[in-house]
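Novice: Chain order of the listed sequences is H and S.
Note that the working numbering numbers the first sequence so that position 469 is 469, with each residue one more than the last.
Note that the working numbering numbers the second sequence so that position 277 is 277, with each residue one more than the last.
Source of the hints: derived by calculation from the structure; they are not laboratory data.
Check the hints yourself; a few may be wrong.
[As the list claims (entries may be wrong)] As a list, the in silico DSS-like pairs of lysine-lysine whose alpha-carbon atoms are at most 30 Å apart: (1) H:Lys-460 - S:Lys-505; (2) S:Lys-168 - H:Lys-460; (3) H:Lys-168 - S:Lys-283.
[Said to hold, decoys possible] Over the 10 Å line for every Cβ pair with chain S, so calculated as not near, a few chain H residues: (4) Ser-26; (5) Glu-211; (6) Arg-243; (7) Ala-376; (8) Glu-493.
Ideal placement from N, C-alpha and C gives every residue a C-beta, glycine not left out.
There are 2 protein chains.
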Amino acid sequence: MNGAEALLRTLVDSGVDVCFANPGTSEMQLVSAIGQSDAMRPILCLFEGVVTGAADGYARMADKPAATLLHLGSGISNAMANLHNAKRARVPLVNIVGDHATYHQQYDAPLTADVPARARICSAWSRVAESADDLSVSGAQAVQAAMQGAGAIATVIVPANHAWDEAKEAAPALAASQLQLAAEEAIATVADALGNGKRTAILLGGRALREHNLAAAGRIAAASGATLLCETFPARLQRGAGRVPVQRVPYFGEQVAELLQPFEQLILVGSAAPVSFFAYPGKPSWLTPESCDIHTLASVDEDINTALLALADKIDAPATPTTLVQRNQPTSPSGPLTPMAIGETLSALLPQHCIVSDEGATCGLSIYAATERATAHDWLTLTGGAIGQGLPLSLGAAIACPNRKVVALQADGSGMYTIQALWTMAREQTDVTIVLLNNRSYAILNIELARVGAGEPNAKTLSMLDLSNPDMSFVDMARGMGVAATRAENAEEFHQQFATAMTTKRPQLIEAMVSQ
Amino acid sequence: MNGAEALLRTLVDSGVDVCFANPGTSEMQLVSAIGQSDAMRPILCLFEGVVTGAADGYARMADKPAATLLHLGSGISNAMANLHNAKRARVPLVNIVGDHATYHQQYDAPLTADVPARARICSAWSRVAESADDLSVSGAQAVQAAMQGAGAIATVIVPANHAWDEAKEAAPALAASQLQLAAEEAIATVADALGNGKRTAILLGGRALREHNLAAAGRIAAASGATLLCETFPARLQRGAGRVPVQRVPYFGEQVAELLQPFEQLILVGSAAPVSFFAYPGKPSWLTPESCDIHTLASVDEDINTALLALADKIDAPATPTTLVQRNQPTSPSGPLTPMAIGETLSALLPQHCIVSDEGATCGLSIYAATERATAHDWLTLTGGAIGQGLPLSLGAAIACPNRKVVALQADGSGMYTIQALWTMAREQTDVTIVLLNNRSYAILNIELARVGAGEPNAKTLSMLDLSNPDMSFVDMARGMGVAATRAENAEEFHQQFATAMTTKRPQLIEAMVSQ
Numbered sequence: 001m002n003g004a005e006a007l008l009r010t011l012v013d014s015g016v017d018v019c020f021a022n023p024g025t026s027e028m029q030l031v032s033a034i035g036q037s038d039a040m041r042p043i044l045c046l047f048e049g050v051v052t053g054a055a056d057g058y059a060r061m062a063d064k065p066a067a068t069l070l071h072l073g074s075g076i077s078n079a080m081a082n083l084h085n086a087k088r089a090r091v092p093l094v095n096i097v098g099d100h101a102t103y104h105q106q107y108d109a110p111l112t113a114d115v116p117a118r119a120r121i122c123s124a125w126s127r128v129a130e131s132a133d134d135l136s137v138s139g140a141q142a143v144q145a146a147m148q149g150a151g152a153i154a155t156v157i158v159p160a161n162h163a164w165d166e167a168k169e170a171a172p173a174l175a176a177s178q179l180q181l182a183a184e185e186a187i188a189t190v191a192d193a194l195g196n197g198k199r200t201a202i203l204l205g206g207r208a209l210r211e212h213n214l215a216a217a218g219r220i221a222a223a224s225g226a227t228l229l230c231e232t233f234p235a236r237l238q239r240g241a242g243r244v245p246v247q248r249v250p251y252f253g254e255q256v257a258e259l260l261q262p263f264e265q266l267i268l269v270g271s272a273a274p275v276s277f278f279a280y281p282g283k284p285s286w287l288t289p290e291s292c293d294i295h296t297l298a299s300v301d302e303d304i305n306t307a308l309l310a311l312a313d314k315i316d317a318p319a320t321p322t323t324l325v326q327r328n329q330p331t332s333p334s335g336p337l338t339p340m341a342i343g344e345t346l347s348a349l350l351p352q353h354c355i356v357s358d359e360g361a362t363c364g365l366s367i368y369a370a371t372e373r374a375t376a377h378d379w380l381t382l383t384g385g386a387i388g389q390g391l392p393l394s395l396g397a398a399i400a401c402p403n404r405k406v407v408a409l410q411a412d413g414s415g416m417y418t419i420q421a422l423w424t425m426a427r428e429q430t431d432v433t434i435v436l437l438n439n440r441s442y443a444i445l446n447i448e449l450a451r452v453g454a455g456e457p458n459a460k461t462l463s464m465l466d467l468s469n470p471d472m473s474f475v476d477m478a479r480g481m482g483v484a485a486t487r488a489e490n491a492e493e494f495h496q497q498f499a500t501a502m503t504t505k506r507p508q509l510i511e512a513m514v515s516q
Numbered sequence: 001m002n003g004a005e006a007l008l009r010t011l012v013d014s015g016v017d018v019c020f021a022n023p024g025t026s027e028m029q030l031v032s033a034i035g036q037s038d039a040m041r042p043i044l045c046l047f048e049g050v051v052t053g054a055a056d057g058y059a060r061m062a063d064k065p066a067a068t069l070l071h072l073g074s075g076i077s078n079a080m081a082n083l084h085n086a087k088r089a090r091v092p093l094v095n096i097v098g099d100h101a102t103y104h105q106q107y108d109a110p111l112t113a114d115v116p117a118r119a120r121i122c123s124a125w126s127r128v129a130e131s132a133d134d135l136s137v138s139g140a141q142a143v144q145a146a147m148q149g150a151g152a153i154a155t156v157i158v159p160a161n162h163a164w165d166e167a168k169e170a171a172p173a174l175a176a177s178q179l180q181l182a183a184e185e186a187i188a189t190v191a192d193a194l195g196n197g198k199r200t201a202i203l204l205g206g207r208a209l210r211e212h213n214l215a216a217a218g219r220i221a222a223a224s225g226a227t228l229l230c231e232t233f234p235a236r237l238q239r240g241a242g243r244v245p246v247q248r249v250p251y252f253g254e255q256v257a258e259l260l261q262p263f264e265q266l267i268l269v270g271s272a273a274p275v276s277f278f279a280y281p282g283k284p285s286w287l288t289p290e291s292c293d294i295h296t297l298a299s300v301d302e303d304i305n306t307a308l309l310a311l312a313d314k315i316d317a318p319a320t321p322t323t324l325v326q327r328n329q330p331t332s333p334s335g336p337l338t339p340m341a342i343g344e345t346l347s348a349l350l351p352q353h354c355i356v357s358d359e360g361a362t363c364g365l366s367i368y369a370a371t372e373r374a375t376a377h378d379w380l381t382l383t384g385g386a387i388g389q390g391l392p393l394s395l396g397a398a399i400a401c402p403n404r405k406v407v408a409l410q411a412d413g414s415g416m417y418t419i420q421a422l423w424t425m426a427r428e429q430t431d432v433t434i435v436l437l438n439n440r441s442y443a444i445l446n447i448e449l450a451r452v453g454a455g456e457p458n459a460k461t462l463s464m465l466d467l468s469n470p471d472m473s474f475v476d477m478a479r480g481m482g483v484a485a486t487r488a489e490n491a492e493e494f495h496q497q498f499a500t501a502m503t504t505k506r507p508q509l510i511e512a513m514v515s516q
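Hey, can you work out the whole structure from these sequences and the hints?
Specialist: Written as structure tokens, this is what we have:
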């Protein structure tokens, strides 16, 4: 057994059985070890941003880490943007990054780069394996580190000689640590606050947005009259008919400030207080009114479920929430293909327990609003703002949940960042329907250009935010990667194509030619 | 005048007039400043790896830096792999990276990341601008830093408030530093060595591979009988008919060792001694025979031209080289579309002074060999081994040299890394012909798998290196991004399509269905 084989065995024993991969020469022993393993499923991706975005989507749905397999400093560099999003999503994720053999690094061969420095930047925990025997030990530690709190990014760097040298044994899996309980005092303080008569909002984030925790929060709201809010970019929100409704904090700071203005106290559960996404001249970054008290019930890494249940008990909340989302009357829109029309179609046709990956940017916000009363589903968003997450995320979610339909709402500009994800969807025959929102523009930047006070834009300035010239055809690109694709020019066409997609289990893309 | 406008003015005054860009909200003042400037040409790219790869290609041909415009930590993360290649190519390059406003960073908004740490990893020089006035000062320093030696990567980080705050004036351009002369002693030592009767190779790299320096090296070879070698992955080699021939050091270590075995001394000019690209079990990393003396005439950052001319003088070399490449008899191949057949077509049809960007991987090596006696042209290679360089590099080269045909030899697997480059080629109507070498495999990895001794691969292992299932159509993908495309299934079809491409000035892709 060589070091690579020992590492593989330990990862599998630790519960890791999916590996999103883009390997190179220095990882060939790891590739071979995966090839020999019955238990590890390799998923080849054509770019490392797809690898890590998929691992993020997988972890959001599976609540356990996938492994990634990355090639040297360039591989982890390419992986970094979606690792940023994964970090903000607080998911568990284990990177296995190859490096040159220890004795080879001194020669400064062309691909030599500082892999540990890159790993430190994008990982909560990272470590260079010190020997063939240490490789599987590092693997066990990485899985344990990834499962700390809500989840974290752990990276093992594998010098090639440690992968091919002989290892004595595979290290045993390490015990998963328990979630830390929220402080009794925090729960008592919040319980008192909920009784003080002040107008209260409870801002939910992280795992507080799972169905059972929303139910607990709904009971607390019923007892206290508090308003339930949801963080702006949740990793995974369980929403739709039969679930406790939450109001999502808007994207633009002015709207956030307006939303928060009436409240005298804000209770945080698995979330931080809202801040402006970007800074703008003369506008505040901090959005909670100064007069508003802020209390934290539980941090994102603490045991949110126990804290919510204890709080509900303490304030004698009813056994069930009093307000649940009612299913809307499905409609079939017609006319121009506006984001709202797309939202109406989705609201009518999304199948129960489907998963929506939303990197719809400007369009996504309208579609989100229009699907509030759809059947129960999970909504995944761009947690860290690094675009190019949506397609990989939907791929990973589909791998984690092969029996659930996945719908990827994908803006055109950000979709182009990791368009290679389509090929892996075709290869793995994942059940993903991509709604490619083609408005031929970085539309959000046209809005932001005005908001940052950058003056009246001229044609040259606007051309830098424009995605026409030439117009792209995502239908052609999808077909080029083996994904069936159609184009919808109006609401009727879209509705019909989306209806067909919802009853066909395969990867497929609908290019929605959006009218604003 | 705000800070962004001052920076723009200083960059233009410093000779920087092309900016490859993928901006976001925090860079809107910079976008607006570019929009207002008549002198700066913005080139929108759909991914940051395209931005920096294009800036590398531009610099290799223009011998001066382009600017890049990148969005926050995620932008520079995505830019990093091609910055690694640019670093290895020793080109000048100036990154302008937006960051959150200084006062906003404390709030840990979703996109907040450690931009300076990322910049340090991929730059020889980096600095956070400290005020609106300091912004243009930083810009001037960055251009100066980028022009040090052969060229370096310089990065200015721009907190958004410094871009929008008022600036008093635009800092003046700084004087470019002169190339450092090689030590007199080094020249004398090498002159002596060339007279000692030992079998000698001169290994040329960096700017030693430009035509005028090759001519000087050819004179030295004529006088001394030394063999001229070229580094394995040159940034820019001027080759073909009428130029001094050099033998390129092979990729595989065994072949390198065999090539070097006869030599008793090795003279380095702008290159390091060859080392193995990767480590392999039981194979050496260092490839120069122990008995071979190594002397350095000039480092890659020194004045190679003056050193070569001084050496030629010192050894009384003839006024001109005695050996020049003779144009071959053009042929028109037929039958299966092998890499050699593609090479024959290129050798026959490459137009004078065209530029070849070679990320052809396994196929590229054969094509290189077959084009040795083509008409004079420039050959650019994957300097740092981080795949996904070829298409962006050809884009940037075409921007630098609008009157020269650019041919991109692009392997399928690495082409998918930065396939978005096609769109910018169409948008800018660059005269690039892409020869997409489709062998439906990471072919090099199939070779390396055996070389690293990873055992007999099974079907599962091989599937991780396979790019069929589904087969990709680069014709469809190219058309989806506005680039005209055709497919060639045999040598005759390829020859005819390539001939047409050489007489049509526009971006176009030929998908070459390669038989091995």
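Novice: None of the hints should be skipped; say for each whether it holds.
Specialist: A quick look at each hint next to the structure:
Simply put, H:Lys-460 and S:Lys-505 have alpha-carbon atoms about 25 Å apart, close enough for the 30 Å limit, and the pair holds. A hinted pair counts as satisfied when its Cα atoms are at most 30 Å apart, and S:Lys-168 with H:Lys-460 qualifies at roughly 25 Å. Between H:Lys-168 and S:Lys-283 the alpha-carbon distance is near 24 Å, which keeps this suggested pair within the 30 Å criterion. A beta-carbon of chain S comes within 10 Å of the beta-carbon of H:Ser-26; the shortest separation is about 6 Å.
With 10 Å as the threshold on Cβ separation, the claim that H:Glu-211 sits away from chain S holds: the shortest Cβ distance comes to roughly 24 Å. Taking the minimum C-beta to C-beta distance to chain S, about 25 Å, the non-interface status of H:Arg-243 holds against the 10 Å cut. Against chain S, the non-interface label of H:Ala-376 holds: every CB pair exceeds 10 Å, the least being about 27 Å. With a least CB separation of 19 Å from chain S, H:Glu-493 remains clear of the 10 Å interface cut-off, as annotated.
In summary, the structure is inconsistent with hint 4 from the numbered list given earlier, while agreeing with all the others.
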